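**Q** Heads up, my numbering is the position in the sequence shown plus 491, with the first residue counted as 1.
It is worth saying that the hints were derived from the structure and are not from the lab.
Since the model is a prediction, treat every value here as computed from it, not as a measurement.
Just so you know, not all the hints are guaranteed correct.
[What the hints assert, rightly or not] Okay, the calculated beta carbon distance ranges per label pair:
(1) Arg651 to Arg556: 37 to 47 Å
(2) Gly632 to Ala540: 19 to 29 Å
(3) Glu584 to Pro659: 24 to 34 Å
(4) Gly580 to Phe638: 19 to 29 Å
(5) Val548 to Ala662: 20 to 30 Å
(6) Ala662 to Glu584: 35 to 45 Å
(7) Gly658 to Gly546: 27 to 37 Å
(8) Gln547 to Asn649: 37 to 47 Å
(9) Arg651 to Val548: 39 to 49 Å
(10) Phe638 to Glu579: 16 to 26 Å
(11) Gln545 to Ala662: 29 to 39 Å
(12) Gln547 to Arg651: 25 to 35 Å
(13) Leu618 to His648: 16 to 26 Å
Ideal Cβ placement from N, Cα and C applies to all residues, glycine included.
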Amino acid sequence: MRSFGERTEILRHCACRVRPAVHWYKLCLALLILPSIGLAQLNHIEMAARLLSQGQVDQAETEARQALGNPTTRALAFAMLGTIRLQEGRYEESASFLTQALALNPHLVGARTSLGNACLLQGKTELARKSFQEAVRLDPGNFNARFELAKVEASLHNYRRSLDAAGPIVARYPVAGHGLWFVRKTGRARGSCS
492 MRSFGERTEI LRHCACRVRP AVHWYKLCLA LLILPSIGLA QLNHIEMAAR
542 LLSQGQVDQA ETEARQALGN PTTRALAFAM LGTIRLQEGR YEESASFLTQ
592 ALALNPHLVG ARTSLGNACL LQGKTELARK SFQEAVRLDP GNFNARFELA
642 KVEASLHNYR RSLDAAGPIV ARYPVAGHGL WFVRKTGRAR GSCS
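Let's have the full structure, built from the sequences with the hints guiding it.
**A** Written out as structure tokens, the structure is:
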């Protein structure tokens, strides 16, 4: 694939040969530039994620806020801000940002899983369960969503539902499933008296 400069030069060369093509050239040039603006906004999200993983929360928030200005990255920016607030222990703000992200793009499975965690940490178990269930519905192979749903169901003593949620995890990662085998066979957790 040719570089941006090469593609621009080819378009300029074609526009110089035929005068009516000047307008076409300008349109094509705009189409070449506009996606790069979107990529710059997406780079803010990538940089925010990198900074957050390095523990540089303030810089990560600055990058995420810069991505709020572009409608194409706004949902991801809200999701990133929600994740930042979750890491800071500011669960209500986290839930607010994540809800805004999901209002813009309901298919963000990571945001849905993070919202479930924020709800869980606020003691809103039923909302957390619904969030994890929706995440699993959207992406049945998502390990984190399934694992969190299984934990919530187990905490509510819904062991059958917990096993159903964890089943694909056990099948995919059999080494991690030794404890679940016991629960599946006996119907109770190890060390449980009931």
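**Q** The structure should be examined with respect to each hint, and the outcome stated for every one.
**A** Hint by hint, here is what the structure shows:
1. For Arg651 and Arg556, the hinted distance range of 37 to 47 Å is satisfied, since their beta carbons lie about 44 Å from each other.
2. About 21 Å separates the C-beta atoms of Gly632 and Ala540, a value consistent with the hinted range of 19 to 29 Å.
3. The given range of 24 to 34 Å is respected by Glu584 and Pro659, whose C-beta atoms sit roughly 33 Å from each other.
4. Checked against the hint of 19 to 29 Å, the pair Gly580 and Phe638 passes, with Cβ atoms roughly 21 Å apart.
5. At roughly 37 Å, the beta-carbon separation of Val548 and Ala662 lies outside the given 20 to 30 Å, and the hint is violated.
6. For the hinted restraint 35 to 45 Å between Ala662 and Glu584, the CB-CB distance of approximately 37 Å keeps it satisfied.
7. For Gly658 and Gly546, the Cβ-Cβ distance of about 36 Å falls inside the hinted range of 27 to 37 Å, so the restraint holds.
8. Distance hint for Gln547 and Asn649: a CB-CB separation of about 40 Å, consistent with the stated range 37 to 47 Å.
9. Range check, Arg651 to Val548: Cβ separation about 40 Å, and the 39 to 49 Å hint holds.
10. About 23 Å separates the C-beta atoms of Phe638 and Glu579, a value consistent with the hinted range of 16 to 26 Å.
11. A hinted range of 29 to 39 Å holds for the C-beta pair Gln545 and Ala662, which are about 35 Å apart.
12. Distance hint check: the CB atoms of Gln547 and Arg651 are about 44 Å apart, inconsistent with the given range 25 to 35 Å.
13. Separated by about 18 Å at the C-beta atoms, Leu618 and His648 satisfy the suggested range of 16 to 26 Å.
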